[in-house]
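Q: Please model the entire structure based on the sequences and the hints provided.
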Amino acid sequence: MKIALINGSPKIKNSASGCLLKELKAFLEHNNNIISEYHFNKTQLSREEMEQLAQCNVLIFAFPIYVDGIPSHLLNCLMQLESFFSAIEEKNIIVYSIVNCGFYEGHQTAIAIEMMRNWCIKSGLCWGQGVGVGAGGMLVSIKNVSIGYGPKKNLGVAFKKLADNILKRSSGEDIFITANFPRILYKLAAEMGWRKSIKANGLKRKDLFLKK
Amino acid sequence: MQMRLLIHDLKSDDFQKIFPDLSRDTMVISDNGTIHYCVGCFGCWVKTPAVCVIRDSYGDMGEYLSKCNEVIIISKCCYGGFSPFVKNVLDRSISYIHPYFVIRNGEMHHRRRYNNKIDLKVWFYGENITEKERITAERLVKANAVNLDCSVSKVTFIGSIKEMEGLIL
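Protein chains in written order, with this note's numbering: chain A, 13 to 224; chain B, 65 to 233.
Calculated directly from the structure, the hints in this document are not laboratory data.
Note that beta-carbon positions come from the ideal geometry of N, C-alpha and C, so glycine has one too.
Some hints here could point you the wrong way.
Said to hold, decoys possible - DSS-like, lysine-lysine: derived pairs with alpha carbons at most 25 Å apart:
#1 K111/B to K25/A
#2 K75/B to K103/A
#3 K206/B to K134/A
#4 K34/A to K218/A
#5 K224/A to K181/B
#6 K173/A to K34/A
#7 K226/B to K81/B
#8 K224/A to K211/A
#9 K218/A to K140/B
#10 K140/B to K223/A
#11 K134/A to K196/B
#12 K181/B to K134/A
#13 K199/A to K81/B
#14 K180/A to K23/A
#15 K54/A to K34/A
#16 K223/A to K181/B
#17 K180/A to K25/A
#18 K165/A to K180/A
#19 K81/B to K218/A
#20 K208/A to K111/B
#21 K208/A to K25/A
#22 K111/B to K211/A
#23 K75/B to K54/A
#24 K111/B to K54/A
What the hints assert, rightly or not - Stretches of chain A that chain B covers, calculated by requiring three or more beta carbons in the stretch to come under 8 Å of a beta carbon on chain B:
#25 13 to 26
#26 35 to 47
#27 111 to 121
#28 191 to 203
Said to hold, decoys possible - Partner residues are not named here, just some residues of chain B that face chain A (Cβ under 7 Å, in silico):
#29 E171
#30 A207
#31 A209
A: In structure tokens form, the structure reads like this:
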């Protein structure tokens with residue numbers, strides 16, 4: 013089975029989407045699967061990339077929500093893919109999406125997952141499943157924690173179910189999870205992180221509140 | 065003075081037909097073909113607070129939003145969301161809000177940076193908007209309003225942009 017892992021984050025490195033795909037890849041690396049990786053940190057895809065994707069049996073997108081939806085650069089790529097896929101009569105592709113958000117609650121990704129489902133319908137592709145991951149802001153900092161343990165306990169359970177569906181090419185209900193970590197501590201850690209970042213840029217804590 | 069902000073993805077001749085004479089208190093954000101996509105750097109929160117670090121014509125969206133009391137969005141409906149250009153403008157607008165979190169409606173959202181109250185009106189157009197896309201789009205605008213802490217007075221779906229003539233302002 014040919015599987016494409018598509019990172020839809022605009023970040024070149026250290027993206028939460030990249031961390032999530034790396035974790036999922038470990039569940040899929042057997043059964044003679046051929047896994048190829050793509051990074052859509054651009055607005056236009058090459059014809060070669062689209063032809064390669066059309067040869068896949070499974071497409072797995074991972075991206076962050078921006079303003080409750082799909083980031084604009086990725087939306088451009090999806091529209092290009094819709095035109096390309098719509099012109100192909102015989103296709104047998106199933107799509108899964110892993111969507112993360114900086115908010116604690118994974119269900120805040122539900123609208124972006126719905127948009128991916130709508131994209132599948134317009135493109136003539138089958139919809140597999142969506143996984144919405146909250147507390148995305150901490151995923152990079154806990155990348156060395158083993159999946160299924162500590163703050164990544166829920167992620168382990170969700171990815172096991174997702175991987176089982178992917179390997180059978182079957183559909184499943186969307187799953188929404190957050191980190192196994194208290195919301196109040198996530199909020200405090202995030203705010204501490206912003207203060208640290210602004211100081212690292214030579215500014216003061218109060219500058220976080222600047223107005224124009 | 066409070067102004068009106070109009071974000072749209074219409075071609076200039078269509079825009080002229082719909083808005084033959086706009087008043088001076090309306091600021092218009094149109095696609096001039098040069099917009100850069102948001103790269104997720106959070107520079108607008110921690111490097112140049114309240115301003116986007118990308119200095120194209122769309123780097124001051126947060127400031128524009130802070131000075132208006134009405135936002136009108138006209139967008140092609142794409143998969144139940146905005147078109148790439150309109151979405152790009154919104155992605156580049158997050159300096160309007162503050163990086164800190166607050167709990168609103170029992171969920172985590174961003175804190176306000178400014179105190180102005182915005183009323184949002186959205187016009188989605190497209191010949192093939194499905195029922196599912198319409199439901200998604202309605203949910204999207206509601207979620208946007210919660211995140212921007214603004215009100216929504218109208219979400220309208222139309223088949224062709226001609227139908228908007230004389231209706232919006």
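Q: Now tell me, hint by hint, if it's right for this structure.
A: Evaluated hints:
Distance restraint check for K111/B and K25/A: the Cα-Cα separation of roughly 19 Å lies within the 25 Å cut-off, and the hinted pair is therefore satisfied. With a C-alpha separation of about 34 Å, the suggested pair K75/B and K103/A falls outside the 25 Å cut-off, and the hint is violated. Only pairs whose Cα atoms come within 25 Å are accepted, and K206/B paired with K134/A is accepted, the gap being roughly 24 Å. Taking the CA atoms of K34/A and K218/A, the gap is about 37 Å. The hint is violated against a cut of 25 Å.
Between K224/A and K181/B the CA atoms are separated by roughly 16 Å; this keeps the pair inside 25 Å, and the hint holds. Distance hint between K173/A and K34/A is fulfilled; the C-alpha atoms sit about 16 Å from each other, no more than 25 Å. Distance hint between K226/B and K81/B is fulfilled; the C-alpha atoms sit about 9 Å from each other, no more than 25 Å. The suggested pairing of K224/A with K211/A holds, with an alpha-carbon distance near 20 Å, which does not exceed 25 Å.
Our distance criterion of 25 Å between C-alpha atoms is broken by K218/A and K140/B, whose separation comes to about 40 Å. Our distance criterion of 25 Å between C-alpha atoms is broken by K140/B and K223/A, whose separation comes to about 32 Å. The straight-line distance between the Cα atoms of K134/A and K196/B is roughly 11 Å, inside the 25 Å bound, and the hint therefore holds. The straight-line distance between the Cα atoms of K181/B and K134/A is roughly 37 Å, outside the 25 Å bound, and the hint therefore fails.
For the hint pairing K199/A with K81/B, the CA-to-CA distance comes to about 48 Å; that exceeds 25 Å, so the pair is violated. For the proposed pair K180/A and K23/A, the alpha carbon gap of about 31 Å is over 25 Å, so the pair is violated. Annotation: proposed proximity of K54/A to K34/A holds, straight-line Cα distance about 20 Å (limit 25 Å). A hinted pair counts as satisfied when its Cα atoms are at most 25 Å apart, and K223/A with K181/B qualifies at roughly 15 Å.
Taking the CA atoms of K180/A and K25/A, the gap is about 31 Å. The hint is violated against a cut of 25 Å. Restraint check: the Cα-Cα separation between K165/A and K180/A comes to about 23 Å, which is no more than 25 Å; the hinted pair holds. In summary, the hint linking K81/B to K218/A is not supported, as the alpha carbons are separated by about 46 Å, beyond the 25 Å threshold. Using a Cα cut-off of 25 Å, the hinted pair K208/A and K111/B holds, with the two alpha carbons roughly 12 Å apart.
With a C-alpha separation of about 20 Å, the suggested pair K208/A and K25/A falls inside the 25 Å cut-off, and the hint holds. Note on K111/B and K211/A: the hinted pairing holds, with a Cα-Cα distance of about 9 Å set against a maximum of 25 Å. Between K75/B and K54/A the CA atoms are separated by roughly 24 Å; this keeps the pair inside 25 Å, and the hint holds. Under the criterion of a C-alpha separation no larger than 25 Å, the hint pairing K111/B with K54/A is consistent with the structure, at around 23 Å.
Counting residues of the region 13 to 26 of chain A whose beta-carbon sits less than 8 Å from any beta-carbon of chain B gives 3, enough to reach three: the coverage restraint holds. Here's how the region 35 to 47 of chain A fares: 0 of its residues keep a CB closer than 8 Å to some CB of chain B, so the rule of at least three is not met and the hint is violated. Chain B is given as covering the region 111 to 121 of chain A, and this holds because 4 residues of the stretch bring a CB closer than 8 Å to a CB of that chain, at least three being needed. Coverage of the region 191 to 203 of chain A by chain B holds [criterion: at least 3 residues with CB-CB distance below 8 Å; count 4].
At its closest, the beta carbon of E171/B sits 5 Å from a beta carbon of chain A; the interface hint therefore holds under the 7 Å criterion. A cut of 7 Å between beta carbons decides the hint on A207/B: the least distance to chain A is about 4 Å, and the hint holds. Using the Cβ-Cβ criterion of 7 Å, the hint placing A209/B at the interface with chain A is not satisfied: the shortest such distance is roughly 10 Å.
The structure is inconsistent with the numbered hints 2, 4, 9, 10, 12, 13, 14, 17, 19, 26 and 31, although it conforms to all the rest.
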